[in-house]
Amino acid sequence: MDRFRFVLYRPLQLLPVLLGISIITFVLIRSIPGDPARLLLGTKSTPEAIARIRAQFGLDEPLWVQYLYFLKNLFNGEMGTSILYRIDVVRLIGERIGPTLSLVLGSVILAIAIAVPLATAAARNRGSLIDHTIRIISTAGLGFPAFWLGIMLIILFSVKFDMFPVSGYGDGFADRLHHMVLPCLTVALALSAVLTRNLRASMIAELSSDHATAARARGLPEGMVFWRHVLPNSLVPTINLLAVNIGWLIGGTVVVETVFSLPGMGQLLVRGIFTRDYMVVQGVAMAFACAAVLINFLADILTAAADPRVKI
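Counting in the working numbering, the sequence shown tops out at residue 368, every number present.
Simulated from the structure, these hints should not be mistaken for lab results.
Careful: at least some of the hints might be erroneous.
[Unchecked claim] Derived Cβ-Cβ restraints for the label pairs, each shown as a range:
no. : residue 1 : residue 2 : range
1   : 326       : 181       : 40 to 48 Å
2   : 143       : 279       : 50 to 58 Å
3   : 89        : 181       : 53 to 61 Å
4   : 128       : 215       : 44 to 52 Å
5   : 189       : 284       : 24 to 32 Å
6   : 223       : 87        : 28 to 36 Å
7   : 151       : 274       : 50 to 58 Å
Note that the structure is a prediction, hence the values are computed from the model and not measured.
By construction, the Cβ of each residue, glycine as well, lies at the ideal position given by its N, Cα and C atoms.
Based on the provided sequences and hints, a complete structural model is requested.
Listed below in structure tokens is the structure:
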């Protein structure tokens, strides 16, 4: 159980990370030109109305005072009130978190479903035409922007073949599942390219490892050696890679939600930036940061559980 001792102190180490992210987000969003009160009221607003809005949301206070208010609300489980939507940011995030969670989970499941068979075929046929083809496809997949890939999938599967909806989230489980296929596939295709290359390299290394050689010496068939010894050990670095790429995955959901008009947190973040809705941007950024930190923490636990040799 000493391997899991990090579970006790790792959350304390992550607190400075979240604090740093909150400071960077706070400074960056307020560095964008434009006054949220003026954007909210329009060009014909009076100075008195602008001053009233700024005072209502604390925008007339010094920046360090505004940041202290933000931290105080954060410790109380609050994130302030949206300037644009006029409701609590926590409630607003709660209403938008469903599509984003569906997109992230669906993308990860699809990426693993694509990467594992491709990496297996490439590793077990190393140097063959199959291996070279998969390597070329995975390398090409690294260069496709998410917005371009999403648009191409819309043109192919929505416009030409009319198989999936162009945009929206749908109503009911089946309808939403139908709407989420293309967005999840867009993110999964890019993510699976990274996972396939990493998993293939891990499998090749495990196929020539001592424990795989010993298993063959005991008379185990090659298929059993692969599924019992090679694949489980190859998944450990892939878990870590997936956790490292979670920040990229979250960034990808922001773009994909905009392309497919999904009412998720990514679209909320984009609209908050354009309208200078400081509270919404800070709240969504902190939610994304907490998700990334939590996923990396869970990945460390899974790594320690999957490989007894790993000490974190």
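* **Violated hints, by number in ascending order, as checked against the structure** => none
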